[in-house]
Amino acid sequence: MTRQSQTRRPTLLAIYAALVLAFIYLPIAVLVVYSFNRDGVGGFPPRDFTLDWYRQLFADGSLWDSVLSSLLVAAGAVALALVLGLLAALALDRADFPGKSLFRRLVLLPLILPGIITGLSLLMFVSIANLQLSLLTVFLGHGTALISVATTELFAGLQKMDRAQEEASLDLGATPWQTFWRVTLPNLKLSLIAAVLLIFTLSMDEIAVTFFLIGRDNTLPLEIWGRLRRGITPEINAISTLIFAVSVALLVIWYRIRTRGLGSEAQQLMENP
Amino acid sequence: MSSASPTPGLPANAEIPLLEVRGVAKSFGPREVLKSISLNIATGEFLTLLGESGSGKTTLLRLIAGFEEPSDGEIWMSGERLDTLPPYQRRVNTVFQNYALFPHLKVRENVAYGLQVKGTPKTETAERVVHALAMVKMTEFASARPAQLSGGQQQRVALARALVNRPQLLLLDEPLSALDANLRKQMQSELKALQREIGITFLFVTHDQDEAMALSDRIALLRDGALEQVATPREIYARPATAYTAEFIGQTNLLRGEIRGGIASCGALRWPLDDSDGAAQFSLRPEAIRLSPDGARQISEVKFRGTIRQQLYSGASEVLEVDCGVGQILRVRVAACGPMSGQHEFVYSITDAIRVHG
Amino acid sequence: MYSRTYKAFVSAPPLLWVGLFLLLPYALMFAHSFWEVRDGVLVHQWNLDNYKKLFTNPVYLEVLLRTVRIAGSVMVCALLLGYPLAYFLSFHTRARKELLYQLVIVPLWVSYLVRGYAWKTILGSDGVLNGFLHYLHITREPVSFLLYSPFAVVLTLTHIYTPFVFLPIYASLEHIPRPLVEASHDLGAGPFSTFFRVILPLSMPGLLAGATFAFVLSLGDFLAPLLVGGPSSTMIANIVQSLFGAAYDWPLGSAISVCILLLIVSLLFLTERLEKRWSFK
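Chains as they are written, first to last, in numbering that gives the first Met the number 0: chain A, 0 to 272; chain B, 0 to 357; chain C, 0 to 280.
One should not assume that every hint holds.
[To be verified] Below, computed lysine-lysine pairings styled on BS3-like, alpha-carbon distance capped at 25 Å:
# : chain 1 : residue 1 : chain 2 : residue 2
1 : A       : Lys99     : C       : Lys275
2 : C       : Lys96     : A       : Lys159
3 : A       : Lys188    : C       : Lys275
4 : B       : Lys117    : B       : Lys105
5 : B       : Lys105    : C       : Lys275
[Said to hold, decoys possible] Short, incomplete list of chain C residues facing chain A, as computed with Cβ under 10 Å:
#  : residue
6  : Ala7
7  : Val62
8  : Gly126
9  : Phe212
10 : Ser217
11 : Gly219
Calculated from the structure, these hints are not laboratory results. Computed from a prediction, not measured in an experiment: that's the story for all the values here. Here a beta-carbon is modelled for each residue, glycine too, at the ideal position from N, C-alpha and C.
Isolated chain A, as found in the complex (with noise of 0.2 Å):
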């Protein structure tokens, strides 16, 4: 006589958890699906498959151009508010200094205030400076608002790591500043990673500082939003997709990059929980 063992897995709540989790996808799925919907964004059920929203979408000349611009706004933040957090993390992790603790709010305060505090108060600063609103005071607000975003992670990289690793480098007769080229720099590869992808999505996706900041050349949520308030089209739809394609890649790339990087033990670690 054998049993099978069992799981006391609640049914109720499991049935539940599957409803949330619909709720959460079902506005996406809906998106695509009528991306290829021949009658446009209402009305059900959705019949007569095309990709001609698609194809208006990359015939759409001024919608690409805003997607440069967000892509060049994108790696400028990166790039600064990666260099910035970077020496943040460090600072916070190592150094003491008065005033360190409103310094470390300071920092980490856009990340929790709603962008439009943010926006204006940059905005603000760009007027009394006699700044002209374009992509670079767009470039300024993204970096500024994203260091919060690099010094977290980094941060959290740079406590994770080995102290005794530098220390050994140092005795090994290496000076501070070839340790962080060859020790502190290579530990933090995971976090320099998810800030970078994450960072570059944020900013992608940034509206609400933006809407501020912005001059003559849109960023893409902000082309969307001009033409949503124009009118809704299914094109809308199809970026919307291409967008959600382009997120999930990049989920699916840095998983990929997370678990090669912690190696195998790690990693069955991860896949026996």
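Position chains B and C relative to chain A; hints supplied.
Frame of chain A, contents of chains B and C only:
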């Protein structure tokens, strides 16, 4: 090999056992961790599950506690089916290996937990908590939090938390393994005294055979998911049933040889033995062998000559590694005797060479 | 181990940048709140008029109240959705845990705008939901109150912030040692009792973090009302936005922003204290 009686080592007319493990087996997927265990635990006894890691002792404990379900077999307690009940309905409590104290509750709240959950009136709860803390000598720490306590102190609180519920059976999962040697010895003594005093049945799990021998009324030795031997400490030491038991518990010389025509011969040793012909193994404890300077021997003794190759001193006694020739080396434990060397005569009683199987 | 030059070198640039591009701008906003606009021109006349206006204008107060209500609803709904999901994932899955976790995270990477837009297409009079209901003959007329209402704003923001609430709660739950749950069962507490006595208290830090995040970000949101809210759902950030846009009154807008900022900072302070109280584990 299991003994015929379900409660070996106890008188046959003992009362109905408190806990009956009937043919319990457990597999995790393809891995067979326990292979049909049958064991009875008597009320008021201190039974230890002894074994190496992977022997299944912790799994058996968890099955009795209710954290796992048996793949086969049944568990009964006080004449009622136990294994179909969830852990919160069993009159069984556990002292966990890493104590598992609730970090967000104070010590006295931790101890009171089991009583509160059952809706025990506040005054009664308070009384019993005070009594339990006094029993483990942790009264002054009642308002502290687990994070502020040392390992030994946490262990006492864990004990109090379990005992305050007056369980019919207390399970202890290697509770002393995280303590340092001196504290461990002290806690062993206290645990044994405590069990004697309150009379609750203890099921203790450990891999440390010294601990098992010191504390238990009976030891159940587990090996690869099966019971190797169940007996009192004295019996399991003096009459190990298998070679594994003989080597696991205490030290021994494992003599391998054969019996032919009423004579047992292992290497250089020969003695009369009335048993059927065939291969045989014997366990001979080092302390059973002694020096025989005048070479005399009785009829019931075996004499042999050997060269002392090594001497391992350990304070009150020492172990001599004796080469008997033909590649046979025996360990002999003698009282401290100063440096020795060369050939000597040794002697041991025939009855001390216990025949073991497996 | 680190020389003073090292420490100065790593501290100076971020300090300077943050001072210049964060502290200074916030200070500027603060300063602006005490100035005023006369005849369409900004005048640096220090006064408290803006604050007076803010607290005496019934429209502003009504909008503020509505904003707090909406933010509160979003927080509660996101918790009601996110917590059970996190609990289920943490305690009742084994083999597929990592995969399910990734599934919950993925939508986080989908643009805010995209998700808001999706709800717009679902809830509209000729949207997907109405089409669906019509198709099943559940309704004859399109239901029009779904879109352009506070309900739509709460729905959209809940959808956006549920994964944000899920994350810290899940992390907190994962940190709870499983033997504690076994110990609770061992002592006689069933799953329900164990949840309220052990799991919930120990997950408080994560819960507080998630709840704060959802509330604070909803409080300052201006996009959802514009996308799906309509005029009946104007939130305080929309007022600020218009004061910096068409209604050109930077000082007043700054005053309101400063108030929002102070409200948020005090909330964060409060939560930080609470989190500390719930986490000397």
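Hint by hint, which ones does this structure get wrong, listed from lowest number up? 3, 7
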